[in-house]
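Asker: Following the hints, put chain B in place on chain A, whose structure we already have.
Top to bottom, those sequences are chains A and B. Counting from 1, one number per residue, gives the positions in the first sequence under the working numbering. Counting from 1001, one number per residue, gives the positions in the second sequence under the working numbering.
No lab work stands behind these hints: they were computed from the structure. Just so you know, even glycine gets a beta-carbon here, dropped at the ideal spot from N, CA and C.
Computed, partial: chain B to chain A, Cβ under 10 Å:
#1 Glu1175
#2 Arg1374
#3 Pro1505
So you can see what is in the structure, the chains are spelled out below.
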Amino acid sequence: MSLETTDHRSPGEAADAAVSGILRAVVSPAPGAPRGVVVDSPPGAGKSTLVVRAARELVDAGERLMIVAQTNSQVDDLVDRLALKAPDLTIGRLHASDGRPAAEALRHTNVTASEKVKDLLEQDVVISTAAKWQWVRTEAPWRHAIVDEAYQMRSDALLAVARLFERALFVGDPGQLDPFTVVGTEQWAGLSWDPSSSAVVTLLAHNPAIAPHRLPVSWRLPASAAPLISSAFYPYTPFRSGTGPGERRLTCGVRSDGSAVDAAIDEAAEHGWALLELPARRTVRTDPQAVAAVADTVRRLLERGLTAHSEQGSTPLTPGRVAVGTAHRDQAAAVRAALDALGVPVDPAAGPAVTVDTANRLQGREYDVTVVLHPLSGRPDATAFHLETGRLCVLASRHRHACIVVARAGIAELLDEHPATEPVQLGVPVAFPDGWEANHAVLAHLAGHRVRLG
Amino acid sequence: MSLLTTLARLEAVRAGRAQPLATVRHRHLSERPMVLVPLAAAGESGAPLAVLLGTDRLAPRLHIVPQPLNRTQRFEFLAAMAADLLPYLESFGAEVELLEGSEKDPESGEKVPVVRELCADAPQLIVPNGGAVHHLALLGRSTRFRRTAEDPEPGPYPAPTQVPLMGRWLTHLTERAQVPGSSLLLPMTSLLARHWATGQSHLEDQHLAAQLSWHAPPAELTGAEAAELAESERDAAGQLVRPPAGPATDPKFDELVLGPAITRHDAAVAALRRSDGQARQDDRQDDAEQAEVLVKEARSQLEAALFAVLEPTWNDLWKGLDLLRALPPAGHLADRWESDRWSYTGHRDRLAAGEPPQPKRDDAVTAARKLAQREREQARLDIQEALDDPLAMAEHRLAGEAFAGVVTDVALEYSAGPRSKPRPVLTVRTPDRPHADAGREVHRAHAEPAQRGEIAGSAPGEVLVRLVSGMGRKKEPEPGSVPEVGDTVVFTLFELAPRQSAPLPEPEDTPWTHGGPPGGGPDAAGTAGAAGGAEEEWE
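Chain B with its partners taken away, still in its complex shape:
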């Protein structure tokens, strides 16, 4: 935790309210996000229990698994969820921008012009917390290999057609969520924590209701008191007034509400099955109809119970969105959102091309590529946030990695040699204390084109910077390229563009140190088993 964040947290404690950590919004928010609150059943990792989802805050839609251990019901649930989710996810695929680029022809090696499609917008899923992202990833993993009735060999348990397709989307979205700065799938707790500091620990911030309590504590309560109330207040029946945001449910809810409701539903289903059998024998239609009504009743009781614990979270998510939407968007959001759109377009194209689902495990090269991408994006995110937001830059200034100040003198100097270039030396008056060792490279923030300099000397309250680039090619600097006396400037000691990642071999060229190419003989399997093909493996 940086000094500034620590300070903000201390101030939040003192003020009893959340304190801003950003002056702008650092994540893209869609005009039409899909808000999604998943619940998992206790006892089995990744078993879905319910989901509340929708794009309209007044019209959430609920899907439940009445008996979470029943695989048939689970896949009925997944099919219903897919029927809700897929039209939304696919609705962004139609409207595209056409971008002209060039590509190397694999045979001739010449550059040929190509026109590529980029979807104009992309979907965005908002979930309560990191646990929800993990749960969706598990759902994706457990469904993307399912065979359906349309498969040439459907197997004994074919899943509804849309289920594996949703699994592939969920896998793509949860993978993308691992990329720093991406916005296709965002957990609300991290979104809020990026923009505001509360007076509680990071662990406590994982509780959405508690974190939100710091933003608008009821009158006469401090944020800390409101947060504690949100975590622990129970009604007369012993149930939490603000249930946890999932995916796990409160054990008291499981014990006193959910368990009995499931048992009732199980009993009603069993009775229906019995009366169905008897009805066929004895032609007693009335009993069968009666039993069916009981099942419906039991199911709607379950739905009501689950809706009651999901709805507060649903409302919290929209409240969180309101808070975030009140912040002005950061300057580089469109840039990063374009990467998300490329990611979405790429997945759309892979589906259209009939490619197999994402493999169970990444092979060595794919894993290394993903890691490189995430590190590059993390570097890009840090830089862009610093440029977009004075509060983010302040963290770097406090750490001695940047300094801001007013130019008090500009001495026009020139490099030696026959082709002398401008090398003006700026005197910057600054209250910051950068690690300004002489000769160290610095970069001027917000300079267009990019401008580099080096530290020419420093004294308390003052840094001398010799500009070495970004002044055109002539002997005299281009007008406007050198700051003038009185200008406010910001220099960073870190580079303002992320470094390119080094090339990696193709998967089929995986070297001996990493087990050779995937699927290439016994050695290729590695100790962790095969890289994992796209075959189904279930029953």
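Chain A with its partners taken away, still in its complex shape:
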């Protein structure tokens, strides 16, 4: 990895060049080329589009293809997108006996769903989760596989599915949350096949000839966010935004009522970031005041008739385009309950709703505006969980326009009192940046957009 020199091409040209290089390596690999192609993609850099194009080109080249994603919602998203973009492909959705695919995935005529792989062998593309693929026993007819969100996949899952294909394209975001387990795995730390590490880490350790490709442009993040996210979370693999300053704008239909919440919304609308800061205090995880502040912010976002102007035109900010991100599930539940009490729709089954979820579940998602409950807000300590780089990266990189962070004051001091104390394991590559550093970088930037509440 080397620091990139300034790229004088337009974002579109740079991205196109990267994509065609990747597709060449996947569809017509040079003789003796490694069996895997790895693509590192920063948030919103067109990873899904790449997967769709690679699938399309492989099928056009006469291959049948299996696609491995990590969660059912990722699989359903992918099926939906692939079916829309490539209506002439036949797509098999392999699912578990107790998991019905989402309606969006099944509404297309070219999609067949089954819980038995033998019903789907004739399809051009078969898509399922890693967990389901592990149970597939069939003599695999697939030569090619695409592994989506590969950095979220655990090494042991790859071990179980790798027998199904000969060559594979691994696509993922190295800055997102690492896979995890609830049991102790120290005894394997430093082994190249540590079953709890990421699939890509294991793959690269055993196949040193694979040089990861990179997607250099984030189409999601606005010009206000890409430099911060790039320098805080991807210091050695910088990327830029596809749009320039001023190309993404948020306008309010209703003027500020003078409250701190409205001031934060105005700040975020103008600068892309806002920090709504509550007084310092140690609280329980579901800090009622912070939860109320998050809920109020979302309510005002929707009440004030915001319009998002971008290269895709101007659209009103509806509940479906807003997300709330938290670190813990109970926090998400508390925010959902608070929003429900304010009359903000949060149940997707009942129509367009605000998404409220944890960082883990927001991975790969995209919204116009996000409201984030800071993982360290109100905490007495900074544990490895709360400091994990990927958690903050996911939460701070889901938005196309603006991100409003709600937090208690005192996080910088908390960080200084809790330097990372994880033991150093021999043989484990040091991950840069560490969560401590990244948290400080983001905080320092947010300090310029602070609005105090109460």
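Answerer: Below, chain B without anything else, positioned relative to chain A:
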């Protein structure tokens, strides 16, 4: 830390005493455990210094390494420890149950009946803390590959015969200790912490004496004060009254007691060696005998010093066992202990079959299998603890993952279609606030056979559950399979049986992404070196 544990810790602070976190005992306790307190020497990772062990609380046995840097003495110590430990570990191998099962014949593929042995009981080692488990693992790693005089090629430094055998047992036991819910090797601090909350941090709970102080603080002292005293009280000679439970010793003890005693012993040994040499030359037997007495004296001084720092911990361990034994055993203990017995039986059989010691490192497939097993066992443990213990279930109820209440209405409904099935809807009055989105699957706790339902609706204080299974095959539900009005029911939003783990390839089918089969060419080595055979590698 869950809300309930936080609350219990706060209450412990207020009351000045430990507070219960469980109503039942969640780990199997053997009738005849081997209690073992190891000490490690400072300065060298995994160097043994002493061990106090035994199955009789009145008769602990002490083994020491008088000079921890001396490899010969170290292996004499390990041989003595093995002579104590192995008869205990092996004593459970003889009495077996015979279980009939079936197995696929590898050639014909047909199922053939087999009778398998399962040991009726298994050994149990109780150690003070996680550090002791780690120390035993290091001992296992450093001894299981040792060659002995019985080897065809004993090498220049053959170890006593029992040493590598003990190494293999220690490796097995410490590996098994990584499996959640297992009970072959248990650290006392975690056992106590699972069942009681103290008013101090998890880190402070690692100090056995301090943690125990919260259980029975002396009169006029709160738990916090007693714990602080246990951590820091020193006698006139500057030594801790309650020495740390090991494996590391107190630096003041090392400096003022242990170091001088070792030096004295070294000097006595040196004098003996000199007088031995001279005795042969000058035939001065008296001096030699005198020197031998001095060595013995120096050794018994060392033993007395080490016994003095081990004995308080030994007593603490038995006190801890007393506390735990006062709790009634949880319902699923026998179930989990059977897994431990299988683990013990499996190791016994591998030893009997003459298999090589456990490899230095797990290969990719073995590591993945172990991880899958641990995750499965963790899921099983969480479920079983919740079912066995209302306090454990309360954690899930507080987290919105379960709800308990009284059935106030049962509406018998049926599914549509030609073969309609009973789909009764229960109205459950509950003070809990579960994440009860309509349509979400729920499971009825303590239902036999297993019973599933789905959330049909909810209102404050009330949840509607439509039962969908566990009511027999007929049009009407089997008698007793549907709760009646007034019954108390518990439903969980999580499944009540752990999921099966997906199959993994055989090690010889390790795919290219993981470096190919172990030992299969240069690529197989991976970056971390070979998977590690069973050869000795030492001097």
